[in-house]
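**Student:** Chain order of the listed sequences is A and B.
1 is the number of the first residue of the first sequence in the numbering used here; add one for each residue after it.
342 is the number of the first residue of the second sequence in the numbering used here; add one for each residue after it.
Treat the hints as calculated values from the structure; they're not laboratory data.
Hints should not be assumed to be uniformly reliable.
Unchecked claim - Pairs of lysine to any residue residues, derived as SDA-like cross-links and limited to a Cα-Cα distance of at most 20 Å, are as follows:
no.: 1; chain 1: A; residue 1: Lys-28; chain 2: B; residue 2: Leu-580
no.: 2; chain 1: A; residue 1: Lys-28; chain 2: B; residue 2: Arg-446
no.: 3; chain 1: A; residue 1: Lys-51; chain 2: B; residue 2: Arg-348
no.: 4; chain 1: A; residue 1: Lys-51; chain 2: B; residue 2: Gly-577
no.: 5; chain 1: A; residue 1: Lys-28; chain 2: B; residue 2: Pro-551
no.: 6; chain 1: A; residue 1: Lys-51; chain 2: B; residue 2: Gly-578
no.: 7; chain 1: A; residue 1: Lys-28; chain 2: B; residue 2: Leu-350
no.: 8; chain 1: A; residue 1: Lys-51; chain 2: A; residue 2: Arg-84
no.: 9; chain 1: A; residue 1: Lys-28; chain 2: B; residue 2: Arg-443
no.: 10; chain 1: A; residue 1: Lys-28; chain 2: B; residue 2: Met-342
no.: 11; chain 1: A; residue 1: Lys-28; chain 2: B; residue 2: Arg-348
no.: 12; chain 1: A; residue 1: Lys-28; chain 2: A; residue 2: Pro-75
no.: 13; chain 1: A; residue 1: Lys-28; chain 2: B; residue 2: Asp-590
no.: 14; chain 1: A; residue 1: Lys-28; chain 2: B; residue 2: Thr-346
no.: 15; chain 1: A; residue 1: Lys-28; chain 2: B; residue 2: Ser-423
Claimed, not checked - Now the stretches of chain B that chain A is said to cover, found in silico as 3 or more residues with beta-carbon under 8 Å:
no.: 16; stretch: 512 to 525
no.: 17; stretch: 556 to 564
Stated by the list, open to error - Derived DEER-like restraints, expressed as beta-carbon distance ranges:
no.: 18; chain 1: A; residue 1: Pro-155; chain 2: B; residue 2: Gly-390; range: 49 to 59 Å
no.: 19; chain 1: B; residue 1: Arg-451; chain 2: A; residue 2: Pro-230; range: 50 to 60 Å
no.: 20; chain 1: A; residue 1: Ala-113; chain 2: B; residue 2: Arg-451; range: 44 to 54 Å
no.: 21; chain 1: A; residue 1: Ala-249; chain 2: B; residue 2: Glu-428; range: 26 to 36 Å
no.: 22; chain 1: B; residue 1: Gly-432; chain 2: A; residue 2: Gly-238; range: 43 to 53 Å
no.: 23; chain 1: A; residue 1: Met-220; chain 2: B; residue 2: Gly-390; range: 17 to 27 Å
no.: 24; chain 1: B; residue 1: Glu-476; chain 2: A; residue 2: Arg-134; range: 53 to 63 Å
no.: 25; chain 1: A; residue 1: Pro-230; chain 2: B; residue 2: Glu-394; range: 20 to 30 Å
no.: 26; chain 1: A; residue 1: Ala-113; chain 2: B; residue 2: Glu-394; range: 47 to 57 Å
no.: 27; chain 1: B; residue 1: Arg-499; chain 2: A; residue 2: Gly-31; range: 36 to 46 Å
no.: 28; chain 1: B; residue 1: Arg-387; chain 2: A; residue 2: Glu-130; range: 30 to 40 Å
No experiment lies behind these values; they were computed from the predicted model shown.
For glycine and all other residues, C-beta sits at the position ideal for the given N, C-alpha and C.
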Amino acid sequence: MSVRFCGLELAHRVINGSGTFDVIAARKAFGRALDAEFPFAAYVSKTITLKPRPGNPPPRLWETPAGLINSIGLPNAGLEAYMRSDLPQLTGLTTPAPAADRADGRSPPRDRAERFPVPLITNVMGSTAEEFARLVEACETRAEIAAIELNVSCPNVRTGLDIGADPGQLERVVAQLRPRTRKPLIVKLTPNTADVASCAAAAQAGGADAVSLINTLRAMALVRSAAGAPASAWLGGGTGGLSGPAVRAVALAQVATVAARVSVPVVGMGGVESTAHARDMIDAGATLVAVGTASFRDPAAAARIADGLARGRRGAAAAGAAAQPPRAVGVAGERAGEDAK
Amino acid sequence: MAPFTRRRLAVTGMDELGAYRVLRVADPDAPEPDPGQFAMLAAAERWGGGDEERPYLPRAFSIARRVGAESHFLLEDVGPGSRRLCELQAGERVWLLGPLGRGFRLPPARRRSLLVGGGAGIAPLAILQDGLAGEVVVLLGFRDAARAQGAGLLDGARVATDDGSAGHHGPVTDLLAAELERDPLALVYACGPAPMLEAVRAMCAERSVPAQLALEAPMACGFGGCFGCTVARRGGGYLRVCVDGPVIDAEQLEHVDPHAGAPA
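Next up, chain A with everything else stripped away, as it sits in the complex:
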């Protein structure tokens, strides 16, 4: 039942998108129930930067048709505080195995199901290759961190271009980081580029073990204080990133394009709210599916989706079909790094 991803054994295929689920804050709301019913097969931290960042001034959110623009600005207490304070609180998470038939009472309830460790993936962002190097080297020293995700959706301080939007620059940065860690490196690709597949190929050429996409689509919201008045940007950060069902079709296309181009495993995300959406991502070539904005509407959304995928697998097996859903798009055969047991 479990899934292998970059050498890690995961309970199922559903993880969180970086910056969409704060375990430490959620414990204040849900207490022990959060740990007992932990929904994600791996936990991706919010983006950690070298120095503390307060984040953008409010307002930070704007609801769109079937979506959300956020302009949060990567608030975090910085690398040193993450290592000292957050890491111990993110260590030792476990998740119950998904159940095809828990609702029927045939599988043990979540609190008695077989449990899997939840590997911790630390997401880091530097504004220079040197900053990235210090972040990756710090992660390399900590056994609690299973893998590192690179947030390359950040402007190069010298060129002003997003590091991840330029294949040449992206390959150089990943190649400089590759020798600094033995842990899996996942590159979180930006969708705000003309050619995401070339960026994915560049990440792979630089030595990435996996790519994840899509990050949010750059977006803005305008408001008028009165009819006829000039419009001004609502978000404190000016622009933000669009997520939710509004981006799902775009995400699916980008995941399919990237999966067809690279041989490393792909983490697909963007508007996934149901098992059917997750199955679409897997059919498009994703090994893992990340849930982000859907968790805002229901913190247990990822668990529901993981259970649904298990149910689908069981249903397919019962029907005499292949246990894996057919891949209609992208690739033939299993992706490298994936080995469903």
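Please arrange chain B on chain A, whose structure you already have, making use of the hints.
**Tutor:** Using the frame of chain A, we list chain B on its own:
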């Protein structure tokens, strides 16, 4: 602590209260909320079919009262989310996540409590009043007489209206100033629109009166995940209204952010 998933619950009633509605929901398994805690609400059906194909996200509402197995919420139609919730009828279903957040800390014995509310922000003061034993003064401000009927949610409220159509003509902080003159040792509990909260904060700061403010901010999740509901903290950095609040000691704030309470 809230259960770790949203619950699909039956609407048991929708009562008119002047310009407001009181949504009643059967929630027998809910943990007992602290006064000032909130829940994230969404209609189970047709959530997304309103103006501009919104709402998409659930909306945060203070728990106004807990009566037996029912939770009560005070609604006002101010946007596509609250409008859809106002349309609900008994027998329909809502999604509810909660109770969430840090509520009011109750006063020590023999201190008078001044409850100051404005508009739909009076909701958490009702459940607070239900739990207060000592002397309680309730001061509520509304735009007009239709909204002032919302004062019926609490017992013995004194009312102020912006247009003078009911009670004192002027801001509710006029009533608060008079009360603080009379008893400078009172404790203040306030919830309402940002300008009202800012006026309460400034008045209490000037007189060194401790005040607890229940803040409102647009939020996507309600449990610390989205980092969207931040307000500036005195001395730098931000507080998340959902997990650091919604009830926040006034002295933690330089001012109450005017963006708090955007129409939803």
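**Student:** Checking each numbered hint in turn, tell me which of them this model violates, lowest number first.
**Tutor:** 3, 5, 7, 15, 16, 18, 26, 28
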